[in-house]
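Please take these sequences and the hints and turn them into a complete structure.
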Amino acid sequence: MPTWIRACATDDIDEEDLIRFDHAGATYAIYHSPDGKFFATAGLCTHENVHLCDGLVMGHLIECPKHNGQFDYRTGEAKRAPVCVNLRTFPVKVDGDDVYIEVA
Amino acid sequence: MAKRDYSLIGPDGARAVETGLAAAEWYHTDVPRKVMKELMQRSDAPAIRDTILLYGLMVLFAAIGIALWPSWWSAPFWLAYGVLYGSASDSRWHECGHGTAFKTPWMNDVVYQIASFMIMRNAATWRWSHARHHTDTYIVGRDAEIAIMRPPAFAKLILAFVGIPDVIAFVPRVIQNAVSGPTAEERTFVPQSEWGKVQRVALVHVAIYAATIALAIWMGSILPLMVIGLPRLYGAWHHVMTGLLQHGGLADNVIDHRLNSRTVYMNPISRFIYWNMNYHVEHHMFPMVPYHALPRLHEAIKHDLPAPNRSIAEGFAEMWPALRRQLAYEDYFLRRDLPPTAKPYREDFHRDALGTQPAVE
Ligand code: FES
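For the protein sequence lines, the chains are L and C, in the order given. Numbering of the first sequence is given in the numbering used here, commencing with residue 1 and proceeding in unit increments. Numbering of the second sequence is given in the numbering used here, commencing with residue 1 and proceeding in unit increments.
I should point out that these hints are in silico values taken from the structure, not numbers from a laboratory. Backbone N, C-alpha and C fix where the C-beta goes; we use that ideal spot for every residue, glycine too. Be aware that one or more of the hints could be misleading.
Unchecked claim - Using 35 Å as the maximum straight-line C-alpha spacing, the simulated DSBU-like pairs for lysine-lysine come out as follows:
(1) C/Lys34 - L/Lys79
(2) C/Lys37 - C/Lys197
(3) L/Lys37 - C/Lys37
(4) C/Lys37 - C/Lys343
(5) L/Lys79 - C/Lys302
(6) C/Lys302 - L/Lys93
(7) C/Lys197 - C/Lys103
(8) L/Lys93 - C/Lys103
(9) C/Lys3 - L/Lys79
(10) L/Lys79 - C/Lys156
(11) C/Lys37 - L/Lys79
(12) C/Lys34 - L/Lys37
(13) C/Lys37 - L/Lys93
(14) C/Lys302 - C/Lys37
(15) C/Lys103 - L/Lys37
To be verified - Facing chain L, a subset of chain C residues (Cβ under 8 Å, in silico):
(16) Lys37
(17) Met40
(18) Arg42
(19) Arg127
(20) Ala131
(21) Pro339
Written out as C-alpha cells, the structure reads:
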C-alpha cells in the first residue's frame, strides 16, 4: 500500500540541488528545483547503479556523476547517453517545512 | 599473473566480473558538496573562446599551407595545422563526449561530431567505449581504451606517433561499420538501440573520405588529403605523447585512479591542445568537472593525490624505462606512493584482485 514518508525538511536542500534519502532498504534522490518545487526519483542511475546524489542539477536535469548521463528528474525521462532507461519517479508533497515522498 | 588477455570477450574480462574488479566502487577524495558544485558548474564562454581560436588557427594555417603548396615553405604550416587536426581533435572529442566542455548541449554535440571525424573515431561507438573506460579504467578485459597493453608493443607505440596503427585499425572498421553496423566486440558495450547510429555515422565518414580521394584524383594532387585525412597521421604525435602518459607504466586491475592514472604539469600550448587533460587523476575521479575547472580541482585535492610529474619530459623519463621492464616482466609497474595526508583505499582488495604481491621498484 502506498505510504507517505517524511524525507527531509525543505531547507535541507539548496535550490537547484539534490540530496540522498534512504528508507527501508531503498535509496532515493530528492530534488529542489530552481522554481522552488520538490521532486523525488530512484537514487541510482539506470546505467550502472551509481548514486545520483553526487551529480549536478542543472535546471530540471540531473547529471549522473559517473558518465554524465542525464535525466529530467520531473518525469524520470532519460535525456542524454549513456543512459537509455528512464528513472523511476515518486510523488512528493510539502507539508509545512517537511518534504514527503510516497513510496509503494 | 598469467599473460593478460585484453579481449573484451575473453577470460580476463570474465574474471574481473567474478572478482568484483569490474564495475567496482572507485575511490573519491572527499570534497565538500559546496566546493564540488562550484567546480562542476558549466559555462559556454571558455569553450567558445577556445573553439574559435582552434578552428580560426586551423583555417589560417591550412590557407597558408595551400597558398605555399607545393613549396617546402608550406611544411611548418602543415605541421601546425596537423597538430590541431590530429591531436587537438582528441581532447575535443573527449571533453565534448563527456558533455562538459560547453554548457549548451548542441555545442557539445557539434564539436563532438567534428572532432570524432578528424580523430577517426565513430562518434556513436566511442561514446560507449569511453563510458566503459571510466567504469573499468585499465581493468584488463573490460576497458576498451587501454593504450599500452602488456607487454608493450614498442614498434606499434612508436608508429602511433604518426597515427599508423590507428588508421590501419580505422579503415577496415569504418567500412565494416558502414556495411553491417558495429563489430562483435563493439556490440558488447554499444546498446542495440544505437547500432543503427553507428552505421549511419560510418556512412557519413566513408562518404567524406571518398569525396576527398575523388577530388585528389581529379586534381592529380594529394593537396585535398593534406587538409582532410592525412593530418590524422602527420599531426598525431602530440595526442599520442600526452595520451601515453595518462596511464602508461602504472598499475592495472586496481580501483583507485591515484594508482593507475598520471597527472603531469604541462606548458600552456600543450594544455590548450590537450584541454587540461594533463590533470588526469582529477578527471577520472570527477568526470563531471569541466576541463577549465580542472586546475582548481587539482588545487583542492592535491593533498590526497600522489605527487604529479613536473613536466612531459619527466613523465616520459619515468614511464619509458617502466615500459621497457614490462617487456621482460609484464607484471612490473610503477607504484604510486600516496602522500602522508592521503587516505589509503582497499589495499587488501588490490592485492587479492591481482593475485600476487605487485612487483615494484
Ligand atoms: S552510471 Fe550514470 S551515466 Fe553511467
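* For the pair we were handed, C/Lys302 and L/Lys93, check the Cα-Cα distance against 35 Å. => Distance ~42 Å between C/Lys302 and L/Lys93 Cα, so the pair is violated.
* **Hint consistency between C/Lys3 and L/Lys79 [alpha-carbon to alpha-carbon, up to 35 Å]** => At roughly 41 Å apart (the allowed maximum being 35 Å), L/Lys79 and C/Lys3 break the hint.
* chain L contact restraint for C/Arg42 - C-beta distance below 8 Å -> holds (7 Å)
* Asked: Is the straight-line distance between the alpha-carbon of C/Lys197 and that of C/Lys103 35 Å or less?
  -> holds (24 Å)
* Given the hint that C/Lys103 pairs with L/Lys37, test it: the Cα-Cα distance must not exceed 35 Å. => holds (23 Å)
* To do: Assess, step by step, whether the Cα of C/Lys34 is no farther than 35 Å from the Cα of L/Lys79, and give holds or violated.
  => holds (25 Å)
* Was the hint right that C/Ala131 lines chain L, CB cutoff 8 Å? -> holds (4 Å)
* Taking 35 Å as the top limit, are the C-alpha atoms of C/Lys302 and C/Lys37 close enough? -> Since the Cα atoms of C/Lys302 and C/Lys37 sit roughly 18 Å apart, the hinted pair holds (cutoff 35 Å).
* **Interface hint status, C/Arg127 versus chain L (Cβ within 8 Å)** => With a minimum Cβ separation of about 6 Å from chain L (threshold 8 Å), the hint on C/Arg127 holds.
* Pair hint outcome, C/Lys37 versus L/Lys79 [Cα-Cα no greater than 35 Å] -> Since the Cα atoms of C/Lys37 and L/Lys79 sit roughly 21 Å apart, the hinted pair holds (cutoff 35 Å).
* Asked: Between C/Lys37 and L/Lys93, is the straight-line Cα distance small enough, at 35 Å or below?
  -> Holds: C/Lys37 and L/Lys93 sit about 26 Å apart, inside 35 Å.
* Does C/Met40 pass the interface check with chain L, least Cβ-Cβ distance below 8 Å? -> holds (5 Å)
Of the hints listed earlier, those the structure fails to meet are numbers 6, 9, 10 and 21, in rising order.
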